[in-house]
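Asks: I would like the entire structure built from these sequences, with the hints used as guidance.
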Amino acid sequence: MQVCPVEEAMVVDEKTGARTIVEDECIGCGNCFRACPFNTESFIISHRPQKNVYVKCDLCYRRDRGPACAEICPHDALIYISHR
Amino acid sequence: MYGWMGKVLRVNLSSDKTEVEDTSRYAEKFIGGRGIATAIAWDELHPVMDPFTPENRLMFMTGPLTGTLAPASGRTAVCGIAPQAYPTPWFTRSNMGGQWGSELKYAGFDGVIVQGKAENPVYIYIHDGKVEVNDAKDLWGLDTYSTQRIIWNKHDRDAKVACIGPAGERLARIAVILTETESAAGQGGFGAVMGSKNLKAIAVRGTGGVKIARPDELMELCLKMKGEMLTAEHIPIKPSLNSEHVTLYGQRLQNCSHACFVQCPLNHYYKSVPGVVSPGILSGQSHCIAPVFAGAPKTFYDWNPGFKAGFEAAVLSNKYGINQWELIIGTVPWLRAMKQRGVLTNLDGMEIDPDNPDFWFTLIKKIAYRDGRLGNALAEGGLRAADILKIGKKEASEFWAPYGYTGHWDGRGDRINPIFFPVWIVAAIQWATDTRDPFSSSHGYVAGVSLWSNVLKWDNIYRIADKVYGSDKAVNLETPYEYKAQPAIWHQHRSVLKDSLPLCDWAFPRIYSLSSDDHYVKITTSKGTIYGPSFEHRLFTAVTGVDLTQSDLDRAAERIFNLERAIQVRSHRRSRKEDESVIPYFEMTEHFVGPTGKRENLDRGKFMKLMDEYYTLRGWNKATGRPTKEKLVELGLGYVSGELEKLDLI
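Residue numbers (my numbering), protein chains in the order written: chain A, 1 to 84; chain B, 1 to 650.
Keep in mind the hints are simulated off the structure, nothing from the lab.
Be a bit skeptical, because a hint or two may be false.
Straight-line C-alpha distance at most 25 Å; calculated PhoX-like pairs for lysine-lysine [stated by the list, open to error]:
# : chain 1 : residue 1 : chain 2 : residue 2
1 : B       : Lys598    : B       : Lys577
2 : B       : Lys527    : B       : Lys226
3 : A       : Lys56     : B       : Lys211
4 : B       : Lys598    : B       : Lys622
5 : A       : Lys51     : B       : Lys211
6 : B       : Lys154    : B       : Lys117
7 : A       : Lys51     : B       : Lys226
8 : B       : Lys390    : B       : Lys366
9 : B       : Lys365    : B       : Lys271
Replies: Printed below as a string of structure tokens:
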């Protein structure tokens, strides 16, 4: 978030606590992509060349039951806990 | 199109040309996977051809569910003329898990058809709709793990690679096509077909996705099924770890296919196992038959080279690309039996002794490199080896059933899976009428009934069988030779569906349950209660949006099965006579003692009546065992019956 040059392009989602990229605002500079220390293999942030925007997981903030990945995980290897 | 990507890639290695074909030509009639491959085989694999001619097609086919969230759907069918089939190589199928099929769909294709033969070794790299045929000079000769690593370094660490080892390069008829550490298309010997085309590997990388017609419905189905699918359908026990192996070797549970919810109890991954025969640390998956390299105490396979040496042998066979089932259930027991009877005592100086880690190392290397007269013969598979070496024919017939495949859930050659009378009568019907061992995709009845009878009371199994098959006689111990053709056919169709949609053979069809009150699998969704045998159909319609009914889908399976039979009839004049060649094998006394308290064998007269019933139910001619014109036309295969009519085979 510190390196994003567009103030509205990367925001904290109130409900989930996830840092999310707003697709319409993203200018495709890739600063976040390069700054993220966990991003060694594009796991966290990746590029969509069709639109020249970057995308990252938003923890399914539009979904009522929380992140789908945690819900479908058959062995509770992935769980969703509140950021507070 | 939802579910299907809509494109099948065809690569001709002789002319270096690639073409893209439309999946929709086949999709609704033949679903995917084994079904589409069979449709193509009818059109193209004729007249009769050798598996190693460039004209043979090596088909990798996924289905509409591959790459989706559908439970245990990440599988790929591998089809073509199979060199392992004995005495005549013929069209059949194999199947592999891993992530390869899903990745292929993310790259934009439902399948890859490889034909022709490259002049020099090559590998194919498919990435997001683009196809490269690259030189594989530096990969040729390498084992399967190194091949994958080098391709990752060259292209993309996330590429999924299906490749062959030295055994496939040398056209061993028991060579596999392997992906990751242990997922392989084994039976059939398709590794050798790949080798004959000078094709070392197919690597795929895709960043796309599969379009789902009704995502909310699929999500709901998957979430409900998740709760129900905590055990593999045929193994009613929960997975566990061995604490000693966890500490010493980094053992952990691991699934073998993309999107799998089930944790098969036999499926482990080992992070670090010290080598015994060769230096270094080994890691990899160990599933299915692999643990038996180390022996299984108190069973027929009671050798004991130790866990580490067993694991090393399993890894070695994966690296060299050799079929593990063939080695454990066929080759080694056969060699041991010949030694006991004084027919053959050593392999060019190495004593036949499965307790000795060096024996395994020597054997696997000999087969992979066709080393010496013995290695060269063993690489041809057991029955051919007996012919070439002119020894041990009688011993071989105890471990290999007709058509060149080692026993598999039959109570004879396969002496580890506890199947007993009368369960194997259904197996015998399926063996008789298939093109390979039926149990890569038809464990359904035999494994289900055998293993669940340890957990559930027979009354429960009778009650559930009555619902599924229409009569409890299908499993009733009191009625061994009644109502067996019906479950055989039911499961043959489910097997076709599993290979075509595709879904994992061990996970489906879902019948018995530990979690439901009456032990019959069911889930409750917003649309009502769904019973286990309908799961495949519900997943198919949610993913594709194609509203076939359950009976339409069963009809598609029947169509595919009939087309497979028609290929057999057209190319090999298959008839009831060939089907009956399995009878002497099942007339051998069974290995396990079942509920009757004694070892049984097949009653030929009663079995022949069951076969009559089978052909009649199938709508085939009872005397010849061939599909009738009416049946083929009814299934929308008029063009097939027309051609058979011309050849006077109907």
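Asks: Decide, hint by hint, whether the structure agrees.
Replies: Taking the hints in turn, this is what the structure says about them:
1. Of the pairs offered as hints, the one joining Lys598(B) and Lys577(B) is violated, with about 30 Å between alpha carbons and a cut-off of 25 Å exceeded.
2. Taking the CA atoms of Lys527(B) and Lys226(B), the gap is near 17 Å; set against the 25 Å cutoff, the hint holds.
3. For the hint pairing Lys56(A) with Lys211(B), the CA-to-CA distance comes to about 20 Å; that is within 25 Å, so the pair holds.
4. Distance hint between Lys598(B) and Lys622(B) is unfulfilled; the C-alpha atoms sit about 33 Å from each other, more than 25 Å.
5. For the hint linking Lys51(A) to Lys211(B), the alpha-carbon distance of about 19 Å falls within 25 Å, and the restraint holds.
6. Only pairs whose Cα atoms come within 25 Å are accepted, and Lys154(B) paired with Lys117(B) is accepted, the gap being roughly 24 Å.
7. At roughly 35 Å between alpha-carbon atoms, Lys51(A) and Lys226(B) are farther apart than 25 Å, so this suggested pair is violated.
8. Pair hint Lys390(B) plus Lys366(B) holds up; C-alpha atoms about 19 Å apart against a cutoff of 25 Å.
9. The suggested pairing of Lys365(B) with Lys271(B) holds, with an alpha-carbon distance near 24 Å, which does not exceed 25 Å.
Against the hints set out earlier in the document, violations occur for numbers 1, 4 and 7.
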